[in-house]
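Colleague: Could you build all of it, start to finish, from the sequences and the hints given here?
The chain contents come next:
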Amino acid sequence: AQSVTQPDIHITVSEGASLELRCNYSYGATPYLFWYVQSPGQGLQLLLKYFSGDTLVQGIKGFEAEFKRSQSSFNLRKPSVHWSDAAEYFCAVGGRGSGGYQKVTFGTGTKLQVIP
Amino acid sequence: KAGVTQTPRYLIKTRGQQVTLSCSPISGHRSVSWYQQTPGQGLQFLFEYFSETQRNKGNFPGRFSGRQFSNSRSEMNVSTLELGDSALYLCASSVVTSGETQYFGPGTRLLVL
Numbered sequence: 001a002q003s004v005t006q007p008d009i010h011i012t013v014s015e016g017a018s019l020e021l022r023c024n025y026s027y028g029a030t031p032y033l034f035w036y037v038q039s040p041g042q043g044l045q046l047l048l049k050y051f052s053g054d055t056l057v058q059g060i061k062g063f064e065a066e067f068k069r070s071q072s073s074f075n076l077r078k079p080s081v082h083w084s085d086a087a088e089y090f091c092a093v094g095g096r097g098s099g100g101y102q103k104v105t106f107g108t109g110t111k112l113q114v115i116p
Numbered sequence: 001k002a003g004v005t006q007t008p009r010y011l012i013k014t015r016g017q018q019v020t021l022s023c024s025p026i027s028g029h030r031s032v033s034w035y036q037q038t039p040g041q042g043l044q045f046l047f048e049y050f051s052e053t054q055r056n057k058g059n060f061p062g063r064f065s066g067r068q069f070s071n072s073r074s075e076m077n078v079s080t081l082e083l084g085d086s087a088l089y090l091c092a093s094s095v096v097t098s099g100e101t102q103y104f105g106p107g108t109r110l111l112v113l
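Keeping their order, the protein sequence lines are chains A and B. All the letters of the first sequence, read from the start, carry residue numbers 1 to 116 under the working numbering. All the letters of the second sequence, read from the start, carry residue numbers 1 to 113 under the working numbering.
One or more hints might be untrue.
[Stated by the list, open to error] To give a feel for the contact side, a few chain B residues facing chain A, derived at Cβ under 7 Å: (1) Gly-42; (2) Asn-56; (3) Phe-60.
No lab work stands behind these hints: they were computed from the structure. Because the structure is a prediction, the values reported are computed rather than measured. Every residue gets a Cβ at the ideal spot worked out from N, C-alpha and C, and that includes glycine.
Modeller: Take a look at the structure:
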């Protein structure tokens, strides 16, 4: 069964500082990997995804993530955080579920606080 | 293209009642998935529908059910509501499968009193 671990429940960074959110996954084959962001009271918005190819993936809002197979990780990074980046971030892994169909499993999320 | 829409956005019910939530996917998307989000449990998968058939199901009691119509619109129903059903219910659509990119609606906030 596939699973996702986001070890940091809460992270606080200063505006303008760099950011790295950690994500580790468990899946037997090459997974599909996603990062989503959720602002308070809103649905989830896709930031970026990895299906195959280049392991460094660029997303929206200046985010990027790197797939490292040897470490089973897909960490999200941003070189300079803006106050509007304060939100909850979810890592997700897509793979084949027990019914044989694709399914996606979400991590528990990391809440990002940005201080001036 | 219009995004995923969910109605209603907010709902207050009492224990024992039932509720029906609606989701309209992005045009051309045939897969619709439902999630329950709570502060304690995070984002939990309820079920996925494709071409009017339930394709995947999460670990929820039979009180939670859903269906999908021929136009891909989906509804989920919760019968005999319990206090613990208070949550944000999110619907997501994708072209073919939930394992691909999903597009989420704003959610329905359900409060059970």
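Colleague: A separate judgement is required for each hint: does it hold in the structure or not?
Modeller: Against the structure, the hints:
no. : hint   : result
1   : Gly-42 : holds (4 Å)
2   : Asn-56 : holds (5 Å)
3   : Phe-60 : violated (14 Å)
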